[in-house]
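Two chains, two separate frames, one set of hints: put the complex together.
Protein chains in written order, with this note's numbering: chain A, 1 to 229; chain B, 230 to 698.
Calculated directly from the structure, the hints in this document are not laboratory data.
Any given hint could turn out to be false.
Stated by the list, open to error - Here are the simulated DSS-like cross-link-like pairs (lysine-lysine), alpha carbons at most 25 Å apart as the crow flies:
#	chain 1	residue 1	chain 2	residue 2
1	B	K480	B	K562
2	B	K480	B	K596
3	A	K101	B	K480
4	A	K56	A	K101
5	A	K204	B	K596
6	A	K201	B	K562
7	A	K143	A	K204
8	B	K394	B	K243
9	B	K480	B	K469
All of these numbers come straight from a predicted model, not from anything done at the bench.
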Amino acid sequence: MRLLIIEDDRDAADYIVRAFREVGHVADHAADGEEGLAMALDGDYDVLIVDRMLPKRDGLSVIGALREKGVETPVLILSALGQVDDRVKGLRAGGDDYLPKPYSFSELLARVEVLARRRGGRNEDTVYRVGDLELDRLSHQVKRGSEEIVLQPREFRLLEYLMKHAGQVVTRTMLLENVWDYHFDPQTNVIDVHISRLRSKIDKGFAQPLLHTVRGAGYMIRDGARPSS
Amino acid sequence: MTALGKVLRTTAFKLTLVYLTIFALFAVFLLGYFAFNTRRLFNEQITQTVNLDVEELTSQFNAAGIRRLVLIVEARARRPGSSLYLVTTPTGEGLAGNVGSLPQGVMNTPGWTETVYRRLDESDTSDLHHALVRVQHLPGGFRLLVGRDLDERDRLYDVVLDAGKWSAAIVVILGLAGGFFVARRVLRRVDAMTDTTRTIMGGDLSERLPVAGTGDELDRLAENLNAMLERIEALMHGLKEVSDNIAHDLKTPLTRLRNRAEEALRTQQSEAGYREALETIIEESDGLIRTFNALLMIARAESGQARENMSEFDAADVARGIGELYEPLAEEKGLSLDVEAPGPVSVTGNRELVSQALANLVDNAIKYAPETSGNGEVSGIMIKAAAEGDRILLSVADNGPGIAEVDRGRAVERFVRLEKSRSVPGSGLGLSLAAAVARLHGGELRLEDNEPGLRAVVVLPRGGPQGAG
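For reference, chain B alone in the conformation it holds in the complex (with noise of 0.2 Å):
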């Protein structure tokens, strides 16, 4: 396709035909209905004096006299100006006035008629001219006209008519020039668009595309897709970090489950040993099962399908309920739990799964949390259910390791366990999940420092995701 082609195929340049095409008949009608006014005006005025000069002529006709009549006329048709008089014999002959010629026949008919003339002062070689005239017939035979001359109007119609005819071709050479600048203009901005689109398609998705900083409706598509850019490069980095952590995380119990059944094979065993081997390969999988149950929940709570699920229920018994299953757990670890949910706080959302993410928080906290500390005070969870404003708060306070600020950001991730806690047993997607579930009911999970130790906190709208926007 050529340049110009293409410049004359955008939608720019097409919405500019079809308003140039709006406006110039807008303009064709205007100046339209502005001439037949004119010509009407003109012509009212032209009737409303001639009938004047009429009435007044015949009274005089009638009160004095032809000979009265025919001085008035005389006086009247020396004046300059554009009045035609004309008094004639009932036989036709002229017995005073300004009109030279007229076409046969226009003084028999007493009324309004348009005609052509000369003045009596003109050759009968030059142009004829256009009158509006009126013909009264008068007692005795004898006639009267009264008329004007035309020209003046005709004069102004045509320059209307000029005005019309070049407004029209100025509307329509500067509108496509017009058309054609703005449609090159966006033109030339689609096409730096396409191109970065090319190379993020190439797989650079660390291309963003150009935002020329007016604030335009182009410019706001940009940033949209920046920021839509944003978010997937943000997933392809996720994605790559699962299936490498994948790799780690899941590879690693398989080759322990592998090693494990080829060493009961490849060994000599009582029947007690090769029991003993079967009972750990059951539980090798039995974690890998539960590894993929998270992970295949954690998919589901971020691509929004348990949304339908939601209903309103109280956050402050979820946590209750939560600190009653795992109180016994922690207090065999030497560790307190308490649980501070007054009154009820009521949260629109999925009930099961935030109960699983604050299960899964507290469970870190225990798994995380030191046995007592040196001094023999004893290191305790805290559950908090509380509202604040439009959103609930529920969380999960320890006095573990915590997590250092720079390392808040991955710890959510997938898979991710911070060296410090590969010897702790777990999955590594409790964290994650949470914030899945957070993500899933349009809120968010912070960690914060809770000086020493961590706080886990699962903030969720009240009204559920639509409440959030």
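Just chain A, same shape as in the assembly (with noise of 0.2 Å):
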């Protein structure tokens, strides 16, 4: 995956970039909002990660530039800014995710990678599968093997969003923001408790579990018996 950093506090984009390489990546980086906008228009990036607050050209204005000149690439708007009006701003203006500073690393990765995924327009199926577990989009069914699952409504959401990204570490604040459509933070990890119900209709009582947890980052649906990537 090839990336690009637009950030101008030179500390905070080489942690960005060395993180990003050390997990096989390919990042580069520009440091102001003119460099970031010929980069980005020149350079075949999946990602392009954006500061909000930019000097020479601020960071919605590299997006809007872009986005007239027919350049779809997903960015992802980091900003010191997080309250609820300026997300709205950030994604009127043209960015497809927002994560307001501090973030952590791997909340970054995982935002990065299904922004990047996003771009190959798959996961528009109809029906889920990971292993033996399948769900119906059309039909709200929900089977491992042969047996039928019953989901609440948001259970039926919840892991419908982590199927659609199979394989990838999904976070709890994009399960809020995605599943719930909250863009808060609700102090104490509900979500967890969500997951744990969930796991306990898909994965209990099978020897396979598919529902894990990834330390310190979140969630991922995958199929045990491949390898993780």
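See the structure below:
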């Protein structure tokens, strides 16, 4: 995966670039809005990570210019302004995701991977399959092997989101945002309890667990028979 | 500036001057108008009677000749009053009348003239009088003069003029004195206010502006400024409390964070040991970030910035959503969590913030609820959304320890975690955030006794902050 990080804080940028390289991605860095825009137009990137406040040209205007030129590369906005209305502004300007500072690298990585995958246009299937677990998005039926599993509507959406991003780490915040549509921090980790409920329905009594906890990051649904990427 | 100069420069005094000028001009105009009209009326009266006299005398002359005219004029001239008569021959010799002398040529031009004269019974050295006369030439060259003395008119005119002068003088003097008095009175009160303001600026926020108790505009101003001071003082107090609490609630985790890092560096540890230390450090920093976010959030809500993103939404839906989010967590703690939100309860506001406020209240309720009460009865949390008149109520009730009535006000303040609850993890910002969100919407957060337990009620005006006025 090729990434461009447009961030003026040298330390923060170095840290992200290094971290992405460590997990095997290619990461470039631009230190201001103009340079970032030029590089984004030239290079073929999978995801752009754009800081909102940049010298020469601010983040939102960089995104606007890219979208105007027909560049549809997914953009993740990083910002010290973490409030709901800033988020909305960022997404309206053409951003695809928004992450307030300070963030954890695992959160950033999870979101970037989801964005990169989305670009492939996959996961629009009507039936998701992971191992012997099957979710039908039209009939809302969930089966594990031949056994039908009855889920509450919210549990269904939770599983649907996890299976849509099967093999990828999904963080608690991503779940809260995408499954519940809440953009605030619920203080206690309410998501964990929902996950353990879901786990007891889809994994309990089966030899091969599918829903895994990724320490320090979030959750991942994956067919345990295959090695993780 | 001298005391006099100060009074003269006051708005009250300047206004007095303006009004005084306008009033004086008006008075002058009124008197002038009165004088002018009186004069006109007088003249009209004279003209009318003189015309009648002339007509009558002329017809007498035409009917019976000069002898008859002289007789009548003689008789009329003797009557007391201001009437003037004179009949002369074509050469100007007086035949009858009470006019002694006239300026040359008055008798030569027929018609109306204003002239001076002396009466027949007056000496040549006496003062000349003023009169309005009509001269009529009769057939045969005789001339007839009929007129009225104008002294009466002029006297009245003088009286009016004098009255005008005096009243103008009195108005000006009284006006200036009144203006001066009012200005000084206002100035004294404003000075008192200014003095108090100086004390307040000096740092004594408990000082209040003097209120005279007359209910006038200065009192209203003072009352409003006092209300403002009240609010500022409360805010300052809150700020002080916050900084004290920040010192405690942020420094404590920061110290722990630092200690952990230091300890990990100091002691020789296995890789797993380092890893564990780092993980706790990340956990601690996440807690700090959470606290900062909550603080920023409150600051935002309190500054009113979030008012831009308000729209109509269903509060019952929010209650159900939050209930659904927290239900598994409550169940895990052995609590029941029920939502009572029947019909749609529509309200204008920031849905996200209201959700967050409710989430905080539910989170608190779960944290402080006792694990199943002694007799095996499951203790429960109840979320309700209901409309009440032009307000909507979102409440969270629990059977936990509750908050003593004396502590309720403080519990809403930032960072205040009542002593009893210090052992429970949390930023201590939940209630203050809910309160800030309620205030942002023009509503309030009420803490009530649930007997036992706490019922926290977010009261919001249906129409949003504008609807609340």
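Going through the hints against the structure:
1. B:K480 <-> B:K562: Roughly 30 Å separates the two Cα atoms, so the pair is violated.
2. B:K480 <-> B:K596: Holds: B:K480 and B:K596 sit about 23 Å apart, inside 25 Å.
3. A:K101 <-> B:K480: Holds: A:K101 and B:K480 sit about 21 Å apart, inside 25 Å.
4. A:K56 <-> A:K101: The given pair, whose Cα atoms are some 21 Å apart, holds under the 25 Å limit.
5. A:K204 <-> B:K596: Cα-Cα ~29 Å, so violated.
6. A:K201 <-> B:K562: The given pair, whose Cα atoms are some 20 Å apart, holds under the 25 Å limit.
7. A:K143 <-> A:K204: holds, 13 Å
8. B:K394 <-> B:K243: holds, 24 Å
9. B:K480 <-> B:K469: Roughly 16 Å between the alpha carbons, so the hint for B:K480 and B:K469 holds.
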